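Asker: Listed below, chain by chain, are the residues.
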Amino acid sequence: MTPSREGARIALAVGAALALGFAVMACVSDQPWAAFRALLTGPLPSIERAADGRVVVHRLVRFGAWLQDATTLTLVGLAIAIPFRARQFSLGADGQLFMGALAAAAISLGLGDTPTALPLAFLAAAAAGAGWGLVAGLLKTRFEANEIVTTLMLNVVAVQVYRLVVGRVLNDPSAGFITTPPLPEAATLAPLIARTTVTAMVLVAPAAVAAALFLLRRTTLGYEIDLAGANPWFAVRAGVPVARATALAFALGGAFAGLAGFHVSNALLKRLPVDLTPGIGLEGIVVALLARGRVGALPLAALGYAYLRVGAQAMERATDVPREVVLVIQALIILFVVSDRLAPLALGLARRASARIGGRAA
Amino acid sequence: MSLDLVAAGTVATVVVAGTLRAATPIIFASLGGLISELAGCINVALEGVMLVAAFAGVITSAYSALWFPDAPLWLHPWLGCAAGLLAGTALAGLLAVFHLELGADLIVAGIGLNILAQGLTVLLMAHLTGDKGSTASLTSFALPNLRWPGMDGVPVLGVLLNGDGDAGHNVLVYGALAATGWVAWALRHTVFGLRLRAAGENAEAALAAGLPVKRLRYAGLLLSGLLASGGGVFLGMGYLTLFQADMAAGRGYLALAAVFLGGHRPLGTVAAALVFGGATVMAARLGLLAVPAEVVFMIPPLVTIAALVLVKQHQRLAARRRAAAGRATLLSS
Chain F
369 MTPSREGARI ALAVGAALAL GFAVMACVSD QPWAAFRALL TGPLPSIERA
419 ADGRVVVHRL VRFGAWLQDA TTLTLVGLAI AIPFRARQFS LGADGQLFMG
469 ALAAAAISLG LGDTPTALPL AFLAAAAAGA GWGLVAGLLK TRFEANEIVT
519 TLMLNVVAVQ VYRLVVGRVL NDPSAGFITT PPLPEAATLA PLIARTTVTA
569 MVLVAPAAVA AALFLLRRTT LGYEIDLAGA NPWFAVRAGV PVARATALAF
619 ALGGAFAGLA GFHVSNALLK RLPVDLTPGI GLEGIVVALL ARGRVGALPL
669 AALGYAYLRV GAQAMERATD VPREVVLVIQ ALIILFVVSD RLAPLALGLA
719 RRASARIGGR AA
Chain L
11 MSLDLVAAGT VATVVVAGTL RAATPIIFAS LGGLISELAG CINVALEGVM
61 LVAAFAGVIT SAYSALWFPD APLWLHPWLG CAAGLLAGTA LAGLLAVFHL
111 ELGADLIVAG IGLNILAQGL TVLLMAHLTG DKGSTASLTS FALPNLRWPG
161 MDGVPVLGVL LNGDGDAGHN VLVYGALAAT GWVAWALRHT VFGLRLRAAG
211 ENAEAALAAG LPVKRLRYAG LLLSGLLASG GGVFLGMGYL TLFQADMAAG
261 RGYLALAAVF LGGHRPLGTV AAALVFGGAT VMAARLGLLA VPAEVVFMIP
311 PLVTIAALVL VKQHQRLAAR RRAAAGRATL LSS
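So the protein lines, in turn, are chains F and L.
Residue numbers for the first sequence follow the numbering used here, beginning at 369 and rising by one.
Residue numbers for the second sequence follow the numbering used here, beginning at 11 and rising by one.
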């Protein structure tokens, strides 16, 4: 299918999911229209001209939240999309993100206020994520352990390791809750836009996508990963190291999820609370799916999906609709996007219905 | 001496009874996962099916008491049970339609339905009770316990048959055992079981032999939904007596792991589900000691991974031994 038709199909799926989501909202809410408006316009800043002629921008915080959410989602999307090139269903972005965040925070706290802290924390996060990804990869290639199960189990382990270390090793006793001490100034990223949490990581995400694209398209490893996914039997016969390529695909994806962890620890929160909520890694699936496995389309998909997520938060604050309605919309998007025969079926039914109405009118 | 033996036996049976209780939802779901897997359709939506079934069961039993205040009390939990089974099976039916009719990828659609179940249950719970955490504000009902009479003073056997507090086991614990027997028998000894396995083993050959493969796969997915719903209903109306957000807590995925671990065989699958149940009980027992809770929570997932690896090693060794034995007989003849 051509990219433009594919794009139209995805737009149709998203539109249908939003429409059904609205129907659900109308069922559970007294103010569905207000909720729907908040969902769709929440992330936008409002620009007003004040009485004295100056232009005032409101709600930049949410606009910033949109950009930083898209950054995280792009990176975890990569963590899903790269193993998928080797036809591996990795659901392990969550665990890799937690490991990356933990490594980044530990290195930052260990090195203190030195100029090397920032790059080293960045590398440590990528390495920790890659290592955690590699475990799942090796379990798959060495022991044929189903990767859906192992990555989900490794997520649980990673979250518990994170809680153990934050709660018992890196704990700051002077804080009123269980958390690490604030990370040193030199190790954290300053905001690019005032009053938001948008940092240089917003530029790192597209750079990461470009790097992944280069790796997949222009290097031997990328070619091997694609071959291992396209036809593993043929690839083995042709002498391609399929097992190594598959395991490295997991590790590579994990490195990007680790960077998402760095984004969380050193750019967003600047200290790690013990109850950091898992789940963002699974959102990467939606992003990878919306991009239809095309790595280059990930940032766009992430921007679109982050828009919906931030809109849902705005909606929850403004109206009586809980943000979980976005889970419903998200699920419907997934189902509609992967149902290849849905669009032709719907179009055929519509055509038949219109033909019948036309025939009756004639 | 004999007192020590009785005490040790009692502790052991308490653990066994606890394991059975903790494993019941996983047994139900893994039997479901096994049936659809054998029909050639991996059912990733077990988790969502359990959630929906638990939610529908709890809510229906609570509202049944409000709608039919004059009905006898025993009716409400059974109405809830029926609604839970129906709702869970319907979700599995949705998966079947999306996969078999609309060409959706089975794994992705399964994940999608899990997210849908998670979102819908919380949304409806918030709408009905005003609480996003649990249905504690509603009075819902549990399915009854079965108690063996006359086991009051019997030392070890009494605990095994009637549980720790002599309250008996929930009827669905026995349901899980019965379902195990039925699935093992049906897969092996009925025409339906044979056809189901044929459809999963080699769809083209089954089609050529005139089997309705698509209908068999529908049957496999719907049955897996029904069985997993049993686990969900137990969670909301036996294990606990309320619904909590994300109540299945990964048991659906554990059930999937049990199917792989058990080598796609009914008894192996149930044995694996019992191992997972035992890991939970062990974790709870260790939690009473000075072991940090985080370490305790790591045990079930680590057991799962270790078991997957060990089973694979075992199968590999067995295959090598068989090959060696085959060579030896060839050479000696």
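Rather than coming from a laboratory, the hints here were simulated on the basis of the structure.
Computed from a prediction, not measured in an experiment: that's the story for all the values here.
Certain hints may be false.
[Said to hold, decoys possible] Result set (SDA-like, lysine to any residue): computed pairs, CA atoms no more than 25 Å apart in a straight line:
1) L/Lys142 - F/Lys638
2) L/Lys142 - F/Ala575
3) F/Lys638 - F/Ala575
4) L/Lys322 - L/Gly288
[As the list claims (entries may be wrong)] Coverage of chain L stretches by chain F, computed from C-beta distances (three or more under 8 Å per stretch; other residues unrestricted):
5) 108-117
6) 131-137
7) 141-152
8) 304-317
Virtual Cβ for every residue (Gly too), placed ideally from N, Cα, C.
Asker: All hints, please: hold or fail.
Answerer: Comparing the hints with the structure gives:
| no. | hint | result |
| --- | --- | --- |
| 1 | L/Lys142 - F/Lys638 | violated (29 Å) |
| 2 | L/Lys142 - F/Ala575 | violated (39 Å) |
| 3 | F/Lys638 - F/Ala575 | holds (22 Å) |
| 4 | L/Lys322 - L/Gly288 | holds (21 Å) |
| 5 | 108-117 | holds (count 7) |
| 6 | 131-137 | holds (count 5) |
| 7 | 141-152 | violated (count 1) |
| 8 | 304-317 | holds (count 9) |
The earlier numbered hints that this structure contradicts are 1, 2 and 7.
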